[in-house]
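**Student:** Starting from the structure of chain A, add chain B where the hints point.
As you go down the protein sequences, you meet chains A and B in turn.
The opening residue of the first sequence carries number 5 in our numbering; numbering runs sequentially from there.
The opening residue of the second sequence carries number 5 in our numbering; numbering runs sequentially from there.
A hint or two may mislead.
Put simply, identical chains are the same to the list, so a pair is met inside one copy or across any two.
[Stated by the list, open to error] Simulated pairs of lysine to any residue, SDA-like, Cα-Cα distance not exceeding 25 Å:
hint	residue 1	residue 2
1	K152	R65
2	K138	T49
3	K19	A34
4	K138	P25
5	K26	R106
6	K31	V100
7	K152	S105
Hints in this document: simulated from the structure, not taken from any laboratory.
There are 2 protein chains.
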Amino acid sequence: MFSPRPIGHVRSLYKTTSEIPKGLGAKHDAEGLLEILPEFETGLTDIEGFSHLIVLWVFDRAGGFDLIGTPPSDNRPHGVFATRSPRRPNPIGLTVVELLSRDGRNLRVRGVDMLDGTPILDLKPYLSSISEEKLRRGWLAEAEARRK
Amino acid sequence: MFSPRPIGHVRSLYKTTSEIPKGLGAKHDAEGLLEILPEFETGLTDIEGFSHLIVLWVFDRAGGFDLIGTPPSDNRPHGVFATRSPRRPNPIGLTVVELLSRDGRNLRVRGVDMLDGTPILDLKPYLSSISEEKLRRGWLAEAEARRK
Numbered sequence: 005m006f007s008p009r010p011i012g013h014v015r016s017l018y019k020t021t022s023e024i025p026k027g028l029g030a031k032h033d034a035e036g037l038l039e040i041l042p043e044f045e046t047g048l049t050d051i052e053g054f055s056h057l058i059v060l061w062v063f064d065r066a067g068g069f070d071l072i073g074t075p076p077s078d079n080r081p082h083g084v085f086a087t088r089s090p091r092r093p094n095p096i097g098l099t100v101v102e103l104l105s106r107d108g109r110n111l112r113v114r115g116v117d118m119l120d121g122t123p124i125l126d127l128k129p130y131l132s133s134i135s136e137e138k139l140r141r142g143w144l145a146e147a148e149a150r151r152k
Numbered sequence: 005m006f007s008p009r010p011i012g013h014v015r016s017l018y019k020t021t022s023e024i025p026k027g028l029g030a031k032h033d034a035e036g037l038l039e040i041l042p043e044f045e046t047g048l049t050d051i052e053g054f055s056h057l058i059v060l061w062v063f064d065r066a067g068g069f070d071l072i073g074t075p076p077s078d079n080r081p082h083g084v085f086a087t088r089s090p091r092r093p094n095p096i097g098l099t100v101v102e103l104l105s106r107d108g109r110n111l112r113v114r115g116v117d118m119l120d121g122t123p124i125l126d127l128k129p130y131l132s133s134i135s136e137e138k139l140r141r142g143w144l145a146e147a148e149a150r151r152k
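Chain A on its own, in the form it takes in the complex:
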């Protein structure tokens, strides 16, 4: 395997998990900063041409994992790999953000749902989408339908 190291940190307005919008219909349009460490700045070359980035990061304030859990978007339990729960065997979070601007090694982005200070593991360009017609959203679509 490998030893994870931060390539940078998230700057966001969220200081505690309770401040982050969760559950059905939660909107993630908060702006924030991805502060990349100086030694990795060269790796950002040409990143400003992409409108959306995939951010991989560490749930550094979650401890341990549960194989089954009840997410904030449902009142029924589901397997951890069918949810975005922070309590995962490998505590890696994934967020798709919109890249608003770049200032040197700082990326201003929209769509932040991470806590302030969250370690960033990786950035990747978001390249393609699954069309709406082809996408099935399992228990989440069912939970949304039940709430209507």
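**Tutor:** Same frame as chain A, but now just chain B:
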């Protein structure tokens, strides 16, 4: 940080990286198996309701990283965070696969671009897409345009 551990392994027909389609227009419709370890099977509960999964995995046969590299899809160099290069500071790969069927702890999927035996770190449901109109694909769109 945390110590990455495999939650399972990829079974694919690709034994060497040279067999994996790369570059512009590469199609990833190969089928393969995600073999989840017995101790994590419970975490798959309800996963069959999702049409697409995000697989996080380890580039376990890549060593070291380059901040700048020339990807197979272009003849110009780009920053590692603007590419999907395996030579990354944290060697984590990401593949979106279509879930075809589940047999216990084995998931049959389409869209595999990993080597046989690749360690899997995490599975997450694929929940939403960026619409075609909103997505800009940076140097990759330019490289495609130049080839025409």
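**Student:** Please go over all the hints and tell whether each is borne out by the structure.
**Tutor:** Okay, the hints, checked on the actual structure:
{"no.": "1", "hint": "K152 with R65", "in the structure": "neither (34 Å within a copy, 48 Å between copies)"}
{"no.": "2", "hint": "K138 with T49", "in the structure": "between (34 Å within a copy, 22 Å between copies)"}
{"no.": "3", "hint": "K19 with A34", "in the structure": "within (13 Å within a copy, 43 Å between copies)"}
{"no.": "4", "hint": "K138 with P25", "in the structure": "between (27 Å within a copy, 23 Å between copies)"}
{"no.": "5", "hint": "K26 with R106", "in the structure": "neither (28 Å within a copy, 29 Å between copies)"}
{"no.": "6", "hint": "K31 with V100", "in the structure": "both (13 Å within a copy, 23 Å between copies)"}
{"no.": "7", "hint": "K152 with S105", "in the structure": "neither (38 Å within a copy, 29 Å between copies)"}
Hint check: violations occur at hints 1, 5, 7; the rest are consistent with the structure.
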